[in-house]
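Chains as they are written, first to last, in full-length UniProt numbering: chain A, 1 to 477; chain B, 1 to 477.
These are calculated hints, taken from the structure and not from any lab test. Treat the numbers as computed from the prediction; the structure is a model and nothing was measured. It is possible that some hints are incorrect.
Note: identical chains are not told apart, hence a pair may lie in one copy or across any two.
Lysine-lysine pairs mimicking DSS-like chemistry, simulated, CA-CA at most 30 angstroms apart [said to hold, decoys possible]: (1) Lys95 to Lys34; (2) Lys355 to Lys278; (3) Lys355 to Lys277; (4) Lys292 to Lys355; (5) Lys448 to Lys401; (6) Lys342 to Lys414.
Protein chains: 2
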Amino acid sequence: MDERRGQAYHRRFSPLYTDYYEYSMTQGYYLSGKGRDEAVFDIFYRQNPYGGGYAIAAGLRDAVEYVLNMRFTSEELGYLSSLGYREDFLQVLEKMRFTGDITAVPEGEVIFPGEPIISVKGPLIETQLLEGLILSMVNFQTLIATKARRMVCAGEGRSIVDFGLRRAQGDGGMGASRACFVGGVASTSNVLLAFEESVSVGGTMAHSWIQSFDSELEAFRAYAQMHPDDSVLLLDTYDTLGQGLPNAVVVGRELEEQGHHLQGVRLDSGDLAYLSKKVRAVLDEHGLGHVKISVSNQLDEYVIESLVDQGAPIDMFGVGTRLVTGYSDGALDGVYKMVQLKGRPIIKISENPAKINIPGEKELYRYYDSGDGLWLLDGLCLARGDDEPTVLMHPDFDYKKTEVAGLKRENIRKEIVKNGELVYAFPTLLETGVWSAQRFSLLYGEHKRFANPHAYHIGVSRELFDLRRSLIDARSS
Amino acid sequence: MDERRGQAYHRRFSPLYTDYYEYSMTQGYYLSGKGRDEAVFDIFYRQNPYGGGYAIAAGLRDAVEYVLNMRFTSEELGYLSSLGYREDFLQVLEKMRFTGDITAVPEGEVIFPGEPIISVKGPLIETQLLEGLILSMVNFQTLIATKARRMVCAGEGRSIVDFGLRRAQGDGGMGASRACFVGGVASTSNVLLAFEESVSVGGTMAHSWIQSFDSELEAFRAYAQMHPDDSVLLLDTYDTLGQGLPNAVVVGRELEEQGHHLQGVRLDSGDLAYLSKKVRAVLDEHGLGHVKISVSNQLDEYVIESLVDQGAPIDMFGVGTRLVTGYSDGALDGVYKMVQLKGRPIIKISENPAKINIPGEKELYRYYDSGDGLWLLDGLCLARGDDEPTVLMHPDFDYKKTEVAGLKRENIRKEIVKNGELVYAFPTLLETGVWSAQRFSLLYGEHKRFANPHAYHIGVSRELFDLRRSLIDARSS
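Here chain A stands alone, though its shape is the one from the complex (with noise of 0.2 angstroms):
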């Protein structure tokens, strides 16, 4: 991890931020002698977020900064004391580190319903207390990757603008803007979060701006002399092809004639598609057609599509709230399960056959079409070594299979940290940015569409099959 990330800059991960059960749990674990014993957690999600085919796995490296960082303040073991844990236990919490292993999907990866795209393994004590942070950090970035995936996707090659700051969940704003660098955003107005992963920040006016002068055109003049090259004009505050665009217009001439050029202007009102068009025209028609078009408000995937579509001629989309709060889906329902426990593989029953976990320790492979070369399917295997399926079968119903041998596959999670230390190489935020957009070309088409996109099929080797099968009959008998 970088320096400036490697200080915590902005804050201290306090290991107090998770559920209460969580030290029920362990104190528990503790006095029942079982602290020690070996467990293996999966971490995966249910369903797409907003009725996709996909999603983008991030947060792993917040999650992982805070997972070797754990340490406990004597403020904090007296707050626990406090809430009535025994003074044994908390002498175990002060000294705890974590000394397990981390496999996991890198961040950017494509992934699917079901996948163990984070295992942690350890010692129960010390894997239990981690399951509130991690889910809160993966759950909430991989829900906002995904949304910036859809947007950046919809935009086909315009610049998608992270605008969304201040209507972002509280201190959710970093996590938000630095999942939607994950997703594929150009740019961001979050200045933190600029300064903090180096990456590019932008912006210029907002509506106070014009009406603290007295006339709109004053006020353009004036950002316009101090940005003679990177101003974007806001044109809407009191009449945008009334007045703003004709005084854009005029600030752009005069930078021209004093060898400057107006970067942009900025819709932000009114229908973006009549207006964007005319806008174009006039700035076209005034020698201006290096002048860029960027619009916001209320953007979404689908709205970006439309004014795609009707042959908008928008550079660049500016998106706040329904990016970084993932609207219209607010959380990813992601879950923390406990799969194996002293080497014992385990399972939950629910009455819904799909809460049914995948039991054991995996692997999770990726096969790649043999004619394309895009992704086929993913299977799951017994992290045995030796379970190399020719036959992928479907986890529930027997008589759907998938014939696998000869492809190519991959194994697409890392370790991440082995014996409690980093043994993986954090990419920088851009570096991720762009490995997910390659990894995201290897997706079939009909997987990403918004209308009823095609599952991506997962299977699990004939062995995983047979013992999933076995343990839910013993527990149901």
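Model the placement of chain B on the given structure of chain A, informed by the hints.
Just chain B, lined up with the frame of chain A:
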């Protein structure tokens, strides 16, 4: 502010946590010689969240804490310098302290669209910079406090508990849990929030606790022995009625024999109305009538209302995702708009008449019905001291009026900060929750219902109506 908060325990607020254009504009004001001009900004929202009839104000304390503690580190100034900001401007930032006034409704107040819930008055250079962070705190916490109040309403006296941390949006979980208490929840699972705010925290076991034992009965027994009077047993790991409930009865009876009492059971899946009735009957049959039933699993105000209507014998609702993310809205649309500069009232025109703001520095009064003493309507007057209307007018339609002569009225905003000094004693979070419930009891039921609530009216004085109309006419001509 209490001592623990004053230490900004878990984080430092960075002034970089804002939108880039705030810095562009602020430097612009400085360079234009307008930095010391006195501005008034109003924070208001346009639409009640969730299609409801009201909102509950929250987020003020965190916003004020930020404003009064805003300081730049040399690293932060260095970063701004690297972005091209001028050294003389950065020297101004380095020394900058907020010297203005903040007037606001207290947290927990019932508020309505268009009302200036917070006004910030001071030099333009200071007030512009605060926009992003104040909005991000107030928008989010108000959204969540409102959601909590709706759920508490639906619960009709049963406890609502915040279980949302793992589904909260990143670090947004702190503001979310805090706002839940403003809106009336009884307890939280968020340990850090409970530590910082001295509120009730709780929770007992997850499925992983059950799974870590060879049998469910053994897991229940082990937990009950450690917590003989505060165990809540989770019934649905394998089979709620077939295994979980009988095992809970065994353990409940064993505790009785030892002179202790099982506190409760929790249902986390299945049909909660059906299951809660079955569970209640069996518990009662075995002399366990004191054992409480709590439920969780994708609850919101509509599910809670339905369960209450069905007579489900539920004592406590544990709510997660849909509470702490404000599902299905995700964000309040609050804005920070300049309404006055150098004593001159300011307006922003919009093609949408509802988006034209109410200009000038104002007072916000609440009028009481002379009959039953509930709230009749709110009124906005000019903040001159002599604007005591006998009639309140609809801001857009001059033929819609309400007589208010002789009605009891109260100024519902308080001075919070005066000349940069805190002049208001923030109550504790628990006090705020209690006060908020009292305030809410003064709102007519017609505004509280979920479906098509009756709109609460806000009028303006004749002077304010005329001022606004004259500014619109001047800008439109």
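To see whether the hints hold, each was checked on the structure:
Taking the shortest Cα distances, Lys95 and Lys34 sit within 30 angstroms of each other inside one copy (18 angstroms), while across copies they are farther apart (56 angstroms). When the C-alpha separation of Lys355 and Lys278 is checked against a cutoff of 30 angstroms, the pair qualifies only between copies, where the shortest distance is 23 angstroms, while the shortest distance within a copy is 53 angstroms. In this assembly of identical chains, the alpha carbons of Lys355 and Lys277 lie at most 30 angstroms apart only when taken from different copies (24 angstroms versus 50 angstroms within one copy). Proximity of Lys292 and Lys355 under a CA criterion of 30 angstroms is satisfied inter-copy only: 26 angstroms between copies versus 49 angstroms inside one chain copy.
Only within a single protomer do Lys448 and Lys401 lie at most 30 angstroms apart by alpha-carbon distance; the minimum there is 24 angstroms, versus 54 angstroms between protomers. Taking the shortest Cα distances, Lys342 and Lys414 sit within 30 angstroms of each other inside one copy (23 angstroms), while across copies they are farther apart (60 angstroms).
The structure meets every hint from the earlier list without exception.
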